[in-house]
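Going down the list, the sequences are from chains A and B. Residue numbering for the first sequence is 1 to 236, as defined by my numbering. Residue numbering for the second sequence is 1001 to 1357, as defined by my numbering.
Hints are computed from structural coordinates only; laboratory data are not their basis. Do not rely on the hints blindly, as some may be mistaken.
Derived DSS-like pairs (lysine-lysine); straight-line CA-CA distance at most 27 Å [said to hold, decoys possible]:
| id | chain 1 | residue 1 | chain 2 | residue 2 |
| --- | --- | --- | --- | --- |
| 1 | A | K152 | A | K69 |
| 2 | A | K94 | B | K1246 |
| 3 | A | K111 | A | K94 |
| 4 | A | K107 | B | K1186 |
| 5 | B | K1091 | B | K1246 |
| 6 | B | K1163 | B | K1091 |
| 7 | B | K1216 | A | K109 |
| 8 | A | K230 | A | K76 |
| 9 | A | K76 | A | K109 |
| 10 | A | K28 | A | K69 |
| 11 | A | K76 | B | K1216 |
| 12 | B | K1186 | A | K94 |
| 13 | A | K111 | B | K1091 |
| 14 | B | K1216 | A | K52 |
| 15 | B | K1323 | A | K111 |
| 16 | A | K69 | B | K1091 |
| 17 | B | K1186 | B | K1323 |
| 18 | B | K1323 | A | K107 |
| 19 | A | K52 | A | K94 |
| 20 | A | K52 | A | K152 |
| 21 | A | K76 | A | K94 |
| 22 | A | K230 | A | K107 |
| 23 | A | K183 | A | K230 |
| 24 | A | K107 | A | K76 |
| 25 | A | K176 | A | K111 |
| 26 | A | K107 | B | K1004 |
| 27 | A | K105 | B | K1186 |
| 28 | A | K105 | A | K183 |
| 29 | A | K152 | B | K1216 |
| 30 | A | K111 | B | K1163 |
| 31 | A | K76 | A | K176 |
| 32 | A | K94 | A | K109 |
| 33 | A | K107 | A | K152 |
| 34 | A | K94 | B | K1323 |
| 35 | B | K1216 | A | K105 |
| 36 | A | K230 | A | K52 |
| 37 | A | K107 | A | K69 |
According to the in silico footprint, chain B covers these stretches of chain A (three or more CB under 8 Å from chain B) [claimed, not checked]:
| id | segment |
| --- | --- |
| 38 | 73 to 83 |
| 39 | 86 to 95 |
| 40 | 213 to 224 |
Everything numeric in this text was worked out from a predicted model, so none of it was measured. The C-beta atom is built at its ideal place from N, Cα and C for all residues, glycine as well.
If you want the building blocks of each chain, they are given just below.
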Amino acid sequence: MLNISNLHVSYGGIRALQGISLNVEEGKIIALLGANGAGKSTTLRTIMGIVKPDQGSIDFEGESLLGLKSFQVVMKGIALVPEGRRVFSNLTVKENLSLGAYTRKDKEKIKADIEEIYELFPRLEERHTQSAGTLSGGEQQMLALGRALMSKPRLLMIDEPSLGLAPVLSQDVLSKLVELNQKRNQTVLLIEQNARAALSIADYAYILETGQIKLEGPASELATNDDVRKTYLGIH
Amino acid sequence: MKLKRNTILTFIALLVIVVLLFFAEKSLNPYYRRILNLCAIYSIFSVTFNLIFGYTGQFSLGHAGFAAIGAYVAALLTLSPAQKAVNFFLKPIISPLANVELPFLLALIVGGLITAILSMLIAWPALRLHGDYLAIATLGFSEIIRSLMVNMQSLTNGALGLKGIPGYTNLFWSWGCLAVCVFIIKRLVDSSYGRAISAVRDDEVAAEALGVNLFKHKMMAFGVSSFFVGVAGGLMANLISTIDPKVFLFTLTYQIVGVTVMGGMGSLTGSVISASLYTIFLEALRPLESQFTIGSLTVPGIPGMRMVIFSVLLLLVILFSRKGLMGNNEFSWDGLFRLFNRLRSKKGDGSTGGDEA
């Protein structure tokens, strides 16, 4: 579905990505793991068209995404839940959700979809007239996820959902992703620092280190790999 | 049922306002009429600034420059050819303009359109900037416009300014334009487009990640806003009948910013109320600047005293109601009834007025 090959990106003289290739298959949860500064966010930013690559290609369902602006990438069917949630704090929960459907025109269907999001996250329905800034961190993450789903994305990219959340809450978010994947066959590209949690739900994973893909494989295999266990899972 | 009640009330309120304006136009003396006209003009300035800053979050300080464009265009288009010949005695006016004389409505619209086009040309590069940088850039552009007006002798008559502009502006024109302006901007911010520009204000990156075309939305807000600034500039030119570049110093922009903040970011009602209060207060405080006596004490007139008092008022508003007079609430009949009910249940008696449709 999403094919990235030999992607090079640099900021000024600093080479952030040095030829990474990855492949997101339809209906799978793919995890992209790595420590701070490994290039996870740069990869996302490049897919979204915020950063221009020096070299390489990004194809989504056979079409190149290079040269497209963010809003055009969204129209192709990719949604991003940005790092740190970034809900619109002065707008209500409902307005946040409607904005998620900004690229769609089918008004009736949008209403039904908001109801569906409320079913998925009942907490959001309880607070639908509240401004998003007053929600707790976990609720904001749910809202950010719901908002991204409102564009009916074929590919959902989610950046560090567990950032700043209590472990129980981040487990909640991840289990929602699994639910979405199983019930709706939602394809997910999950970017995480928390390797243990990510590997527990992903089908396939890539491990980034200083701009290169160091390891890749089915998540269950990586979880038992000695190197991974030592470096990322803290098991000696 | 409720909706119907509100429509009827709105209709009645509009009718009352029109009748009041009619009487004001007929029987008030010119000085009070002028204040009322200025209330409407400043309200347009403030409402449009609210659209750019309060709703879209773009801190643009170009209002004085944009108002100048609208004012000059409308003035040049409504001046009679004979009056133009009198005005331009240093250097004759460039040829096609010398003989043009348009009806007021057309002149206002052309003024608004030219302002919108020029401001969007400025916004095109400037809107890549954010926050303070955008403010500095637009402030610079505003000053460039003003100094161009001082120096383009054969187009604007330079520092001599334009005199004898026909006084077409009356209460119906000014309040009518304000009504149209508020109506259009209100419809705009309530649409999905309005939600998108609020999203841009809250978080540009997140808005873009949802598929909002940042540039297009900012440009639209800028264009609509500066169109009405241009119209208000034209109204002002045809009200005060003499304009020169000094009318449009950057202090005008700061007044507009102050008025809008006092009214409340994101409240059109607040902008109208605050702009009207500001205009009326500035005139009402005028006696403070001339010599007056309290009992046996004689206070010498201090020029600029009313600005000091205005600043103190502004400080008090910001101190005690940090979001301005109205916060981001709008006037609505439901809100008014709720207020009445609350007052009645407290056994108190109070009345509040709102004049927005």
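Checked hints:
no.	hint	verdict
1	A/K152 x A/K69	holds, 19 Å
2	A/K94 x B/K1246	violated, 48 Å
3	A/K111 x A/K94	holds, 10 Å
4	A/K107 x B/K1186	holds, 21 Å
5	B/K1091 x B/K1246	holds, 20 Å
6	B/K1163 x B/K1091	holds, 15 Å
7	B/K1216 x A/K109	holds, 26 Å
8	A/K230 x A/K76	violated, 39 Å
9	A/K76 x A/K109	holds, 19 Å
10	A/K28 x A/K69	holds, 26 Å
11	A/K76 x B/K1216	holds, 19 Å
12	B/K1186 x A/K94	holds, 20 Å
13	A/K111 x B/K1091	violated, 64 Å
14	B/K1216 x A/K52	holds, 21 Å
15	B/K1323 x A/K111	violated, 33 Å
16	A/K69 x B/K1091	violated, 50 Å
17	B/K1186 x B/K1323	holds, 19 Å
18	B/K1323 x A/K107	violated, 34 Å
19	A/K52 x A/K94	violated, 34 Å
20	A/K52 x A/K152	holds, 26 Å
21	A/K76 x A/K94	holds, 24 Å
22	A/K230 x A/K107	violated, 51 Å
23	A/K183 x A/K230	violated, 34 Å
24	A/K107 x A/K76	holds, 19 Å
25	A/K176 x A/K111	holds, 21 Å
26	A/K107 x B/K1004	holds, 25 Å
27	A/K105 x B/K1186	holds, 22 Å
28	A/K105 x A/K183	holds, 25 Å
29	A/K152 x B/K1216	holds, 23 Å
30	A/K111 x B/K1163	violated, 58 Å
31	A/K76 x A/K176	holds, 24 Å
32	A/K94 x A/K109	holds, 15 Å
33	A/K107 x A/K152	holds, 13 Å
34	A/K94 x B/K1323	holds, 23 Å
35	B/K1216 x A/K105	holds, 18 Å
36	A/K230 x A/K52	violated, 34 Å
37	A/K107 x A/K69	holds, 25 Å
38	73 to 83	holds (count 5)
39	86 to 95	holds (count 7)
40	213 to 224	violated (count 0)
Hint compliance for this structure: hints 2, 8, 13, 15, 16, 18, 19, 22, 23, 30, 36, 40 are not met, and every other hint is.
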